[in-house]
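Student: Each chain, letter by letter, is given below.
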Amino acid sequence: MKRRSFVKALAAAPAVPALLAQQPSATDELPNLTMSPADGSTDALPRFFTPSQFAALRKVSVTIMPPADGGPGALEAKTPEFLDFLIAESPSERQQLYRAGLDALNTQANKRFGKAFADLETTQADELLAPLREPWTYDPPADPLACFLVEAKADVRTATMNSREYIAFRGGAGGRRGFGGVYWLPLD
Amino acid sequence: MPAKDYDVLIIGSGASGGMSAYTLTKKGLNCLMLDAGPLVDFSRARVNKAPYELPYRGFGKPGRFPHIFQATEYTANLWVDDKEVPYTHDPKTPYNWVRVRMIGGKSLFWARMSFRLSDYEFKAKDHDGFGENWPINHAELAPYYSRVEPIFRVAGRKEGLPQLPDGEFEEDSSPWSEAMSRFIATAKQRDIAVTKMRRSLGRGQFASSFNLLLPDAMETGNLTIVPNAVVRDITVDKNTGLVNGANFLDRHSKREMHAKARVVVVGASCLESTRILLNSKIANSSGALGHYLHDQTYITQGVVAIDKGIPGEGGVRRGFGGGAAYIPRFVNLKSGNEQDFIRGFAYDFGLGGTPDAKYVPGYGADMEKTMNEYRGKAASVTIMGEVLARYENCVSIDKNVVDAYGIPVLRIDCKYGDNEQKMAKYAMNTFEELCRATGMETLAKHDRPFPPGYSIHELGTCRMGDDPKKSVLNKWNQSHDIKNLFVVDGSSFVNGGYQNPTMTILSLSMRASEYLAEQLRTANL
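Chains as they are written, first to last, in the numbering used here: chain U, -13 to 174; chain B, 567 to 1091.
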């Protein structure tokens, strides 16, 4: 391109690209629209655990964190559905820990009570969750089932207590304030 | 138009670089500061969010920060990502290198614990025979500590302890709780001194280079700051052998630039400073550059105990429980070898907490009931132990790996030894005994430190000393080899004691910068 026509082309280019032709000015009053997190109004599609593993996870979750004080427990907080997602995204060791742990619960439930873990009576489930009544140790327990249960206890509690349902109830009950925190946006 | 001539190029805007700029600009010197990170607009960089509004419900993206245990989903975007600026290590000996690249550096996020080193650290070799003494003592650094403390507004209480020198404090005259008074009485029977925490108040509990140092330096009109400037190496004048500036890349465009000055001050954080020097292939006639890496062992929740003697459930009567306190080193003071380990450790502990659910056996309604009984009755401690500065704990350049800017990365070889492990065990058992003697019951205990680096107190690798054959810097933080090169951050430490290092870093930087200014004034540089 000759220099003259290049300069001409430059002059013809609009100063502002068309898509940005409209921008609210800083002084305009703009609406404040409230959004809902997807968890709050839609259903997750479990994709990681098998149906029998997922059923056992639901039972583990509600046993660790049942509804309390009229508020939501792990099931109301959709903790099993969330953990299905979290574990699917996790490193393979953690995936293996969960799968093996849930399978072990079903195997032991079948061996001792002739049914799946999800179908056990509370006292029967309590027997299989005995490792959770042991004192804390720095090293995770050597037994894979015990190791899974320790991890699941922490994960179920965190996932439930961080849920929309739990925070809405506890925050609404007026007892505790300050849920949430300061989130850092990506740096420029 | 050629670039302006600057008196001093300062690499890094954190505690050490910020203090250097604060000091030099007030002496009338024209300074150019480069920092690898952006200037953060705090009002635009952060928003309030509930955990369920985050993609991973507060858990964080699994596996994103394998080395940064401090990272949460809330803070994920503020750390330097290993994928952008990697480093390497033996898989069997992990190192947690925790980095921040922003104007203000890590001083934007530190815990503000503000201590002096004592002559137990400065003259440690005289006391127990290990390692080297610093080329300075507490009396020489004290005037600088005394000027730094008021800038940072350090709250504390004068205790008169030789192992933790007092400073210019804003007096903390808050009373101890009843529960803490009982604990203190137990400790006193064992000759263990309990002190108030010493912490920088800054302005509005924010004490950083960003708000306490850089604004004053800018005010002089003598400071130019270039953000997003990732330094590759320091340049040397072939005729004089002196340094004359640095090559850097723009963080966004990767455009290559050169900054020129009469003197170079490096304060890029301990390991980044050493990485820059190693990549520049300068200042290492001693062979000590990169060696003697140390920090402090950190054991959080080393002991968790419950005071079952405290009456009530679901909370504790006001004024009865609670309170935080500090126990400075109390071992190996009379002689350096009282124990089967040398040096010492500190406790940062609190009463009146509620234990984490993982320490409370059980689940479901039964566990919640126990948790409620324990509420406000738990003691827990963080144990912080001195790490010996050993030659074999070191960093070097890994020639096979470069970062996103094409700059060769660090390889870190560091592990704790017997001394650290024996000290940790002793520290755990002693704190448990203190709790028991105060009437508490142990819920959990352990003596396993986090991997090296976790404390974010990395020190050494560019140490100072009188002997140019054994040290990189002289006692003024000035290179033995190149007289117009100064390194003013924690890399200059000979040993770090058990104390959080920031006050010492700030004081060393102020002292070195005043010396530098005087040398420039008298034309000795």
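I should point out that these hints are in silico values taken from the structure, not numbers from a laboratory.
Note that the coordinates shown come from a computational prediction; the quantities given were computed from them, not determined experimentally.
Check each hint, because a few of them may be wrong.
[To be verified] Listed next, the stretches of chain B that the computed footprint assigns to chain U, with coverage defined by at least 3 CB atoms under 8 Å from CB atoms of chain U: (1) 608 to 618; (2) 624 to 633; (3) 642 to 651; (4) 913 to 925; (5) 976 to 983.
Heads up, the beta-carbon is just placed ideally off N, CA and C, and yes, glycines get one too.
Student: Which hint numbers does the structure go against, in order from smallest to largest?
Tutor: Result: hint 5 breaks, nothing else.
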